[in-house]
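Novice: Residues per chain, in single letters:
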Amino acid sequence: MRVYKPLLFAACLLPLIWLGLRIAEVVEPGLGANPAEAILDELGLWALRLLLLTLCVTPAARLLKKPRLYRFRRMLGLFAFFYCMLHPLAYLLLDLQLDFAHLGEDLLKRTFITVGMGAVLLLIPLAFTSTRGWQRRLGRRWNRLHRLVYPAAILACWHFYWQVKADTAEPLVYCAILALLLGLRFWWSPLKGRLFRGG
Amino acid sequence: MLIRAKADIPASEIAPESAWFNRRAFVAGLAAAGLVGTARATPRYVAADGGQKELNGVSRGPFSTDEPANSYEDITTYNNFYEFGTGKEDPHRNAGNFKPQPWTMRVQGEAEMTGEFDVEGLLSGVGLEERVYRMRCVEAWSMVIPWVGVPLGEVLKRFRPTSRAKHVAFETVYRPEEMPGQKRRVLDWPYVEGLTIEEASHPLALLAVGVYGVTLPNQNGAPLRLIVPWKYGFKGIKSIVGIRFQERRPPTSWNISAPHEYGFYANVNPQVDHPRWSQASERRIGSGFSGLFARRVPTQMFNGYGEQVAHLYSGLDLRRNY
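Listed in order, the protein sequences are those of chains A and B.
Be aware that the first sequence starts at 1152, since it is given in the numbering used here, and climbs by one per residue.
Be aware that the second sequence starts at 6, since it is given in the numbering used here, and climbs by one per residue.
The hints are simulated quantities; they were obtained by calculation from the structure and are not laboratory data.
Glycine is no exception: its CB is placed at the ideal position from the N, C-alpha and C atoms.
Be aware that a few hints might be false.
[As the list claims (entries may be wrong)] Part of the chain B face toward chain A, derived, beta carbon under 8 Å:
1) D79
2) T82
3) E94
4) P107
5) V191
6) L192
7) W194
8) D278
9) W282
10) S283
11) R288
12) I290
[What the hints assert, rightly or not] Here are the computed distance ranges between Cβ atoms for each label pair:
13) B:G101 with A:W1338: 45 to 51 Å
14) B:E121 with A:L1331: 48 to 54 Å
15) A:A1330 with B:R111: 42 to 48 Å
16) B:L323 with A:P1157: 57 to 63 Å
17) B:P181 with A:R1292: 53 to 59 Å
18) A:Q1286 with B:R180: 58 to 64 Å
19) B:D123 with A:A1330: 50 to 56 Å
Given these sequences and hints, build the entire structure.
Specialist: As structure tokens, this is what we get:
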């Protein structure tokens, strides 16, 4: 069990290393004609992938009856947060080039950016309270707080879907995975019993 | 149109590959940085993929910008041509099986001369010109591209359009077996576009057959495509098989797909935003580190061609007629 966590840690860094190699043009394909866009897209995709992977842990542990899987949830969640921060950072540095007036305009006019920013904001308190100390301190409220990951994931998928021009196939795959993951939770939650009782 | 096989070109006329492959030159050292985006010189380049033929007798046409042109590699690997896939690199990757020769074009509608025309014959006698134009994509990126082509109006005149020809409709070829992107209905195939007869007759409007002095690569719309530099890139319909002169305004593909986002005119306009993003500025495409940190540039009204085309739209509410 000891080796799994460092292995997972290394695996979560691979997308970043790969991106670095592409920037340095050590590997093919390089970043192509629009390198800023390539970096932005890659970081955003991995942020979403890791977020969905984090949401896979609970259903996987439950369905496979392997409670040990829960130990990886925090690390996956924190890496999801890490890529979720790098993505807007790249947007700020490479796309906007620190033009903050433009940022304000984008947040108002480019609604898919507003939505994406919402997802990042929701994840900040979760990353902050991810430590064991905070878990203890908040007790049951910790669980309630960390349900914010669901709206964050919905906003993230929406953000992806909304910035596509016509070919929505790829974002819809992510939306479907999220729907499945949220659907499972709903199925297992007491909410379901309450909603369908007496019908 | 004179097309000479690649083998005829003296080696001395072929530009060193490094002129395009700045990306790799860049790895070798930052010294190459200055070359990025400035590869255009005389139209004497031959495509690296070997499929292109040199175009001869190309004169330098009017309206060219002296801004540094994008590299041949950028122009031929970063394309929106959904018939070959929706990713920017898909057209470059998937256009290999497309056959742009021989090519006939169907001309119909309100004109005295209609029928099927062979493209080579159609363009013979009209001098090829190089026009270095800005290309502004509706997605807020832009390039500078040295097209080779003939003024669209010169070609259209040959069909002797009648007084009822108020618009010109264009249609892209439909060949799902050669264009894998057409197997999915991302857009309503075939791609269609249109212009008013005044726009189509404007001397800026170009029927392009080449880029950087060679025939158009498949991913850029071989064998011939439309270039209307004061409009967003999607108006520049590619691989044209049909032209129709008509009285009524023709339907256009992106307008059918998302009418509130893409209008018939699609003139470049920094004051009228796309519903989902701002059109006030644009990213000038460029690979490598210099491209990565390239400054965003403010978008110009009519993509900087206002002096030539603004009169076409006098009295028109451009906010409503986007």
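Novice: Compare the structure with each hint and give your call.
Specialist: Consistency of the hints with the structure:
Because the closest C-beta pair between B:D79 and chain A is about 4 Å apart, less than 8 Å, the hint holds. Given the 8 Å rule on beta carbons, the hint for B:T82 holds: about 6 Å separates it from the nearest Cβ of chain A. Hint on B:E94 holds. Least Cβ distance to chain A is approximately 6 Å, under the 8 Å limit. Below 8 Å, beta-carbon pairs count as interface contacts, and B:P107 has none with chain A, the closest being about 31 Å; its hint is therefore violated.
A distance limit of 8 Å between C-beta atoms decides the matter here; for B:V191 the minimum to chain A is near 5 Å, and the interface restraint holds. A least Cβ separation of about 6 Å between B:L192 and chain A falls short of the 8 Å threshold, and the interface hint therefore holds. Taking 8 Å as the C-beta contact cut-off toward chain A, the hint placing B:W194 at the interface is violated, the least distance being around 12 Å. Contact between B:D278 and chain A, as hinted, is supported at the beta carbon level, the nearest pair being about 6 Å apart and thus within 8 Å.
With 8 Å as the threshold, the beta carbon of B:W282 comes within range of chain A, its nearest partner Cβ sitting at about 4 Å, so the hint holds. About 5 Å separates the beta-carbon of B:S283 from the nearest beta-carbon of chain A, less than 8 Å, and the hint is met. Here the hint on B:R288 is kept, as its CB sits about 7 Å from the closest CB of chain A, short of 8 Å. At a threshold of 8 Å, the smallest CB-CB gap from B:I290 to chain A is about 5 Å, leaving the interface hint in force.
One distance hint, 45 to 51 Å for the beta-carbon pair B:G101 and A:W1338, holds here, with the actual separation near 47 Å. Checking the proposed 48 to 54 Å range against B:E121 and A:L1331 shows it holds: the Cβ atoms sit about 53 Å from each other. Between A:A1330 and B:R111 the Cβ separation comes to about 46 Å, which falls inside the hinted range of 42 to 48 Å. In this structure the supplied range 57 to 63 Å holds for B:L323 paired with A:P1157, their Cβ-Cβ distance being about 59 Å.
The supplied range of 53 to 59 Å is met by B:P181 and A:R1292, whose beta-carbon atoms lie about 57 Å from each other. Distance hint check: the CB atoms of A:Q1286 and B:R180 are about 60 Å apart, consistent with the given range 58 to 64 Å. For B:D123 and A:A1330, the hinted distance range of 50 to 56 Å is satisfied, since their beta carbons lie about 53 Å from each other.
Of the numbered hints stated above, those contradicted by the structure are hints 4 and 7, listed in ascending order.
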